[in-house]
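Peer 1: Chains W and V, in that order, give the protein sequences. For the first sequence, the numbering used here begins at 1 and goes up steadily by one. For the second sequence, the numbering used here begins at 234 and goes up steadily by one.
Treat each hint with caution, since some may be false.
25 angstroms max Cα-Cα, derived PhoX-like pairs, lysine-lysine [claimed, not checked]:
{"#": "1", "chain 1": "W", "residue 1": "Lys163", "chain 2": "V", "residue 2": "Lys309"}
{"#": "2", "chain 1": "V", "residue 1": "Lys316", "chain 2": "W", "residue 2": "Lys163"}
{"#": "3", "chain 1": "V", "residue 1": "Lys430", "chain 2": "V", "residue 2": "Lys304"}
{"#": "4", "chain 1": "W", "residue 1": "Lys163", "chain 2": "V", "residue 2": "Lys267"}
{"#": "5", "chain 1": "V", "residue 1": "Lys242", "chain 2": "V", "residue 2": "Lys347"}
{"#": "6", "chain 1": "V", "residue 1": "Lys347", "chain 2": "V", "residue 2": "Lys309"}
{"#": "7", "chain 1": "V", "residue 1": "Lys309", "chain 2": "V", "residue 2": "Lys331"}
{"#": "8", "chain 1": "W", "residue 1": "Lys163", "chain 2": "V", "residue 2": "Lys424"}
{"#": "9", "chain 1": "V", "residue 1": "Lys424", "chain 2": "V", "residue 2": "Lys358"}
{"#": "10", "chain 1": "V", "residue 1": "Lys267", "chain 2": "V", "residue 2": "Lys293"}
{"#": "11", "chain 1": "V", "residue 1": "Lys430", "chain 2": "V", "residue 2": "Lys340"}
{"#": "12", "chain 1": "V", "residue 1": "Lys340", "chain 2": "V", "residue 2": "Lys358"}
Across the chosen pairs, the derived CB separations fall in these ranges [to be verified]:
{"#": "13", "chain 1": "W", "residue 1": "Ala32", "chain 2": "V", "residue 2": "Ser382", "range": "40 to 46 angstroms"}
{"#": "14", "chain 1": "W", "residue 1": "Ile46", "chain 2": "V", "residue 2": "Gln248", "range": "26 to 32 angstroms"}
{"#": "15", "chain 1": "W", "residue 1": "Glu185", "chain 2": "V", "residue 2": "Lys267", "range": "21 to 27 angstroms"}
{"#": "16", "chain 1": "V", "residue 1": "Gln428", "chain 2": "W", "residue 2": "Arg202", "range": "21 to 27 angstroms"}
{"#": "17", "chain 1": "V", "residue 1": "Glu487", "chain 2": "W", "residue 2": "Gln211", "range": "52 to 58 angstroms"}
{"#": "18", "chain 1": "V", "residue 1": "Ser484", "chain 2": "W", "residue 2": "Ser27", "range": "52 to 58 angstroms"}
{"#": "19", "chain 1": "W", "residue 1": "Arg202", "chain 2": "V", "residue 2": "Asp471", "range": "50 to 56 angstroms"}
{"#": "20", "chain 1": "W", "residue 1": "Gln211", "chain 2": "V", "residue 2": "Ser382", "range": "53 to 59 angstroms"}
Hint data in this document are derived by calculation from the structure and do not stem from the laboratory. Where a beta carbon is used, it is the ideal one built from N, C-alpha and C, also for glycine.
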Amino acid sequence: MIIIFFANNLISYGVLSALIIIVILMSGISVAYFLKGIKPLIWLIIFTVLLQILFSSGGHVLWHFGPFSITNESLVNGGFIFMRFLLIIMISTVLTLTTTPLAIADGVQTVLKPLKKLHFPVDTLALMLSIALRFVPTLMDEMETIMNAQRARGVDFGSGSLKHRVRAAVPLLVPLFTGAINHAENLSTAMEARGFSDSEHRTKYRLYHWQTKDTISWIIFVLVGVAVILIRK
Amino acid sequence: MDSAISFSKVTHTYQANTPFAHNALNNVTLQIPKQSFTAVIGHTGSGKSTLVQHINALLKPTTGHLEVLGKIIDAKTTNKNLKAFRKRVGMVFQFPEKQLFEETVLKDVMFGPKNYGASEESAKKAALDAMKLVGLDLSLSDHSPFDLSGGQMRRVAIAGVLAMSPEILILDEPTAGLDPRGHREIMDLAKYLNQNKQMTIILITHQMDDVVDYATNVIVMDKGEAVKVGPPEQTFADPTWIYQMQLDLPSSAEFAQQLKHAGVDISENHLPLTIDQLANRLVQLVGKGVVK
Numbered sequence: 001m002i003i004i005f006f007a008n009n010l011i012s013y014g015v016l017s018a019l020i021i022i023v024i025l026m027s028g029i030s031v032a033y034f035l036k037g038i039k040p041l042i043w044l045i046i047f048t049v050l051l052q053i054l055f056s057s058g059g060h061v062l063w064h065f066g067p068f069s070i071t072n073e074s075l076v077n078g079g080f081i082f083m084r085f086l087l088i089i090m091i092s093t094v095l096t097l098t099t100t101p102l103a104i105a106d107g108v109q110t111v112l113k114p115l116k117k118l119h120f121p122v123d124t125l126a127l128m129l130s131i132a133l134r135f136v137p138t139l140m141d142e143m144e145t146i147m148n149a150q151r152a153r154g155v156d157f158g159s160g161s162l163k164h165r166v167r168a169a170v171p172l173l174v175p176l177f178t179g180a181i182n183h184a185e186n187l188s189t190a191m192e193a194r195g196f197s198d199s200e201h202r203t204k205y206r207l208y209h210w211q212t213k214d215t216i217s218w219i220i221f222v223l224v225g226v227a228v229i230l231i232r233k
Numbered sequence: 234m235d236s237a238i239s240f241s242k243v244t245h246t247y248q249a250n251t252p253f254a255h256n257a258l259n260n261v262t263l264q265i266p267k268q269s270f271t272a273v274i275g276h277t278g279s280g281k282s283t284l285v286q287h288i289n290a291l292l293k294p295t296t297g298h299l300e301v302l303g304k305i306i307d308a309k310t311t312n313k314n315l316k317a318f319r320k321r322v323g324m325v326f327q328f329p330e331k332q333l334f335e336e337t338v339l340k341d342v343m344f345g346p347k348n349y350g351a352s353e354e355s356a357k358k359a360a361l362d363a364m365k366l367v368g369l370d371l372s373l374s375d376h377s378p379f380d381l382s383g384g385q386m387r388r389v390a391i392a393g394v395l396a397m398s399p400e401i402l403i404l405d406e407p408t409a410g411l412d413p414r415g416h417r418e419i420m421d422l423a424k425y426l427n428q429n430k431q432m433t434i435i436l437i438t439h440q441m442d443d444v445v446d447y448a449t450n451v452i453v454m455d456k457g458e459a460v461k462v463g464p465p466e467q468t469f470a471d472p473t474w475i476y477q478m479q480l481d482l483p484s485s486a487e488f489a490q491q492l493k494h495a496g497v498d499i500s501e502n503h504l505p506l507t508i509d510q511l512a513n514r515l516v517q518l519v520g521k522g523v524v525k
């Protein structure tokens, strides 16, 4: 991602796009999924790009109206911003689609390991992260059930005035929170019963080994990174 | 008999038009008579809960339609204007104690009637009546629902539904996780409502003993289809079929089956379903001198 911000001309963006296209093709995921990932963000992208095009100054003025002006440079900048958004979304979609949430949590733990020297509770954070990820679908299910149960008792969700909607959220949120607190209590009891004391000195069930392909991907990444920095003006 | 609910060719597809689409109901056509006590049975994932959620329009058919208390529900039914209808169809979800949220028990029970436009006074009266009905001590009115025991919370939740005095009451495994006494009390309450308040009861359960003890009508679900609808005697007539459906016989019938394997056939034409029937058959046999 940082490399993407380094790129500032056509060739560097070309190199990065080529890399990401190759990564996407290698992941074997249908391109339709990637396009779906961009969909919810498309308005944000268009808005930012338009701002960039209409308000940036400098370069040869092509058209202007009041405070708005379009210059050749602003067009180029707008294009670059569009590319940046696209590349960042693409590469994060590749990550979330190819890696399980638990593996991501493990990854975060590994990356944060150096912070341990600064007494940062890395293991605790990783534990919280993996528990949080595991409970997302459970809480979603519970929310669905509670919503249906309250609907059956005459609550209208998602209609009426703002005040009405906020009020309708109470019968949903209170049970959801109390449910979460119950989960937390039960889970901590169950963890203690199974011999969990604190996160120090634990062994790991899932072990990740550094493989040749990891080295290869890092070499490619570093080469592309260096190339982009060299190409930049 | 008048039918309170009739499904015609109802199909329900979850996540329709996506790669995850999955048919939970398949062409279901059935009638549930007015004031019947209907049990819905079937193994986990057979579509029982999906079926009953159609009855108060929480789910709508993907194709087909159903008629509940004179109202037609089909794919085009919108969530608007369903309030008055939902008041007539009460639904107690699994573990209903999870839906409590108000500061006091009384307020929580009043929540339903108030949503349906009852005045403070009549809502309070309805709430107190419902609390009496489910056997909750009225001195609990001002307690927080979160301070109560699990069994009491369950009653508060059920009272919250009863306070709306629905004509149809759907119970999705209302006794799951209760002790034997709590179990019997809830089931007796359902029977009382059915017989004395003329409510149509629809009960999802895995307890075959409850089915034969309480229900007058049984729907067997399998793979999203209603494979058998009829009185309990008919449902449990064929033990082999029951096992194929991944269901069990009620314990009296099970006992009779084992006696049969041991050489004593007491089933006559059909298996005894309740403890009373079983006891009667045994008494007859002893009287005939077949068994000592």
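Peer 1: Do the alpha carbons of Lys163(W) and Lys267(V) lie within 25 angstroms of each other, as the hint requires?
Peer 2: At roughly 40 angstroms apart (the allowed maximum being 25 angstroms), Lys267(V) and Lys163(W) break the hint.
Peer 1: Measure nothing beyond the straight line between the CA atoms of Lys347(V) and Lys309(V); if it is 25 angstroms or shorter, mark the hint as holding.
Peer 2: violated (28 angstroms)
Peer 1: Between Lys163(W) and Lys309(V), does the CA-CA distance stay at or below 25 angstroms?
Peer 2: violated (28 angstroms)
Peer 1: The hint says 53 to 59 angstroms between Gln211(W) and Ser382(V); measuring C-beta to C-beta, is that right?
Peer 2: With a Cβ separation near 55 angstroms, Gln211(W) and Ser382(V) satisfy 53 to 59 angstroms, so the hint holds.
Peer 1: Within 21 to 27 angstroms or not, the Cβ separation of Gln428(V) and Arg202(W)?
Peer 2: Roughly 59 angstroms apart at Cβ, these two residues miss the hinted range, so it is violated.
Peer 1: Could you check the hint for me, namely that Glu487(V) and Gln211(W) are 52 to 58 angstroms apart, CB to CB?
Peer 2: holds (57 angstroms)
Peer 1: Check whether the Cα positions of Lys242(V) and Lys347(V) lie no farther apart than 25 angstroms.
Peer 2: violated (36 angstroms)
Peer 1: Take a look at whether the Cβ-Cβ distance between Ile46(W) and Gln248(V) falls inside 26 to 32 angstroms.
Peer 2: holds (29 angstroms)
Peer 1: Taking 52 to 58 angstroms as the stated bounds, is the beta-carbon spacing between Ser484(V) and Ser27(W) within them?
Peer 2: holds (55 angstroms)
Peer 1: Evaluate the given range 21 to 27 angstroms for the C-beta pair formed by Glu185(W) and Lys267(V).
Peer 2: At roughly 45 angstroms between Cβ atoms, Lys267(V) and Glu185(W) fall outside 21 to 27 angstroms, so the hint is violated.
Peer 1: Is Lys340(V) close enough to Lys358(V), meaning Cα to Cα at most 25 angstroms?
Peer 2: holds (12 angstroms)
Peer 1: Are Lys430(V) and Lys304(V) close enough, with their CA atoms no more than 25 angstroms apart?
Peer 2: The given pair, whose Cα atoms are some 22 angstroms apart, holds under the 25 angstroms limit.
The structure does not agree with the numbered hints 1, 4, 5, 6, 7, 8, 13, 15, 16 stated previously, though it agrees with the rest.
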